[in-house]
Amino acid sequence: DTGVSQNPRHKITKRGQNVTFRCDPISEHNRLYWYRQTLGQGPEFLTYFQNEAQLEKSRLLSDRFSAERPKGSFSTLEIQRTEQGDSAMYLCASSLVEGDRPYGYTFGSGTRLTVV
Amino acid sequence: GENVEQHPSTLSVQEGDSAVIKCTYSDSASNYFPWYKQELGKRPQLIIDIRSNVGEKKDQRIAVTLNKTAKHFSLHITETQPEDSAVYFCAASLSGYSTLTFGKGTMLLVSP
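Going down the list, the protein sequences come from chains A and B. To convert, note that position 17 of the first sequence is 17 in this note's numbering; the numbers rise steadily by one, no gaps. To convert, note that position 98 of the second sequence is 98 in this note's numbering; the numbers rise steadily by one, no gaps.
It cannot be assumed that every hint is accurate.
Derived DSBU-like pairs (lysine-lysine); straight-line CA-CA distance at most 35 Å [claimed, not checked]:
#1 B:LYS68 with B:LYS58
#2 B:LYS58 with B:LYS22
#3 A:LYS11 with B:LYS58
#4 B:LYS104 with A:LYS57
#5 B:LYS42 with A:LYS11
#6 B:LYS42 with B:LYS58
#7 B:LYS57 with A:LYS14
#8 A:LYS11 with B:LYS104
#9 A:LYS57 with B:LYS71
#10 B:LYS42 with A:LYS57
#11 A:LYS57 with A:LYS71
#12 B:LYS68 with A:LYS14
#13 B:LYS71 with B:LYS22
#14 A:LYS11 with A:LYS57
#15 A:LYS71 with B:LYS42
#16 B:LYS42 with B:LYS57
#17 A:LYS71 with A:LYS14
#18 A:LYS71 with B:LYS71
#19 B:LYS22 with B:LYS42
#20 A:LYS57 with B:LYS22
If you are wondering where the hints come from, they were derived from the structure by calculation, not from laboratory data.
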């Protein structure tokens, strides 16, 4: 296991199309996070999962966005009816939580989405 | 919600000089403060972190200080090298495993 893996690395889509991204976390990690990063900004939190349960969603996550983690392992982020404003880097991160101790909050390399 | 301000937005230093990046946060309940380094086109990588029960932490050329009363924390890089050139982000969290609120980043340029 070499870290958090995201696919695809790049995605170009036409406005109005649906896109889906995948994240494979570090296998022993039980928390998975999605962030969005636009040029010149820090990552912004979108949502996170504890195992298969989606525990928190940001107000940035409009109803066009949906995330799943069906078996508590990999996760998908889908954007429906894409808009040009959705163009960004979508970052996934994972961590292990045991008691009150966190371990290894690690980011993937991201999926860069361009909506044309 | 939490708000994190980061300064400066760009910082240019000569190789061997020290660099300091400062962040302030708004939520006094935040208790975990990581720093990430992001090179162009690459993932953010954790370089150091500090928890609210500690005032300072050091790891070789990198140190972080935390002032809970003033709600600010700083990253110090000594003996800078050209490979330190990157964008650095500070972040704050209500716990070590919760969501992170990031600053807008500081582009550090280290000239040989």
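These are the hints, each one checked on the structure:
A hinted pair counts as satisfied when its Cα atoms are at most 35 Å apart, and LYS68 of chain B with LYS58 of chain B qualifies at roughly 18 Å. For the proposed pair LYS58 of chain B and LYS22 of chain B, the alpha carbon gap of about 16 Å is at most 35 Å, so the pair holds. At roughly 40 Å between alpha-carbon atoms, LYS11 of chain A and LYS58 of chain B are farther apart than 35 Å, so this suggested pair is violated. Taking the CA atoms of LYS104 of chain B and LYS57 of chain A, the gap is near 21 Å; set against the 35 Å cutoff, the hint holds.
Between LYS42 of chain B and LYS11 of chain A the alpha-carbon distance is near 16 Å, which keeps this suggested pair within the 35 Å criterion. Annotation: proposed proximity of LYS42 of chain B to LYS58 of chain B holds, straight-line Cα distance about 25 Å (limit 35 Å). Between LYS57 of chain B and LYS14 of chain A the alpha-carbon distance is near 47 Å, which puts this suggested pair outside the 35 Å criterion. Between the alpha carbons of LYS11 of chain A and LYS104 of chain B the distance comes to roughly 24 Å, so the proposed pair stays at or under 35 Å and holds.
Of the supplied pair hints, the one linking LYS57 of chain A and LYS71 of chain B holds, its CA atoms being roughly 26 Å apart against a limit of 35 Å. A C-alpha spacing of about 25 Å is found between LYS42 of chain B and LYS57 of chain A, which places the hinted pair at or below 35 Å, so the restraint holds. Between LYS57 of chain A and LYS71 of chain A, the direct Cα distance comes to roughly 19 Å. Compliance with the 35 Å bound is thereby established for this hinted pair. Restraint check for LYS68 of chain B and LYS14 of chain A: not satisfied, since their Cα atoms lie roughly 47 Å apart, outside the 35 Å limit.
In summary, the hint linking LYS71 of chain B to LYS22 of chain B is supported, as the alpha carbons are separated by about 11 Å, within the 35 Å threshold. In summary, the hint linking LYS11 of chain A to LYS57 of chain A is supported, as the alpha carbons are separated by about 24 Å, within the 35 Å threshold. Restraint check for LYS71 of chain A and LYS42 of chain B: satisfied, since their Cα atoms lie roughly 28 Å apart, inside the 35 Å limit. For the proposed pair LYS42 of chain B and LYS57 of chain B, the alpha carbon gap of about 26 Å is at most 35 Å, so the pair holds.
Under the criterion of a C-alpha separation no larger than 35 Å, the hint pairing LYS71 of chain A with LYS14 of chain A is consistent with the structure, at around 31 Å. Distance check on the hinted pair: LYS71 of chain A and LYS71 of chain B sit about 40 Å apart at the alpha-carbon level, beyond 35 Å; violated. Straight-line distance between C-alpha atoms of LYS22 of chain B and LYS42 of chain B comes to about 23 Å, which keeps the hinted pair within the 35 Å bound. The straight-line distance between the Cα atoms of LYS57 of chain A and LYS22 of chain B is roughly 29 Å, inside the 35 Å bound, and the hint therefore holds.
In terms of the numbered hints stated before, the structure departs from hints 3, 7, 12, 18, listed from lowest to highest.
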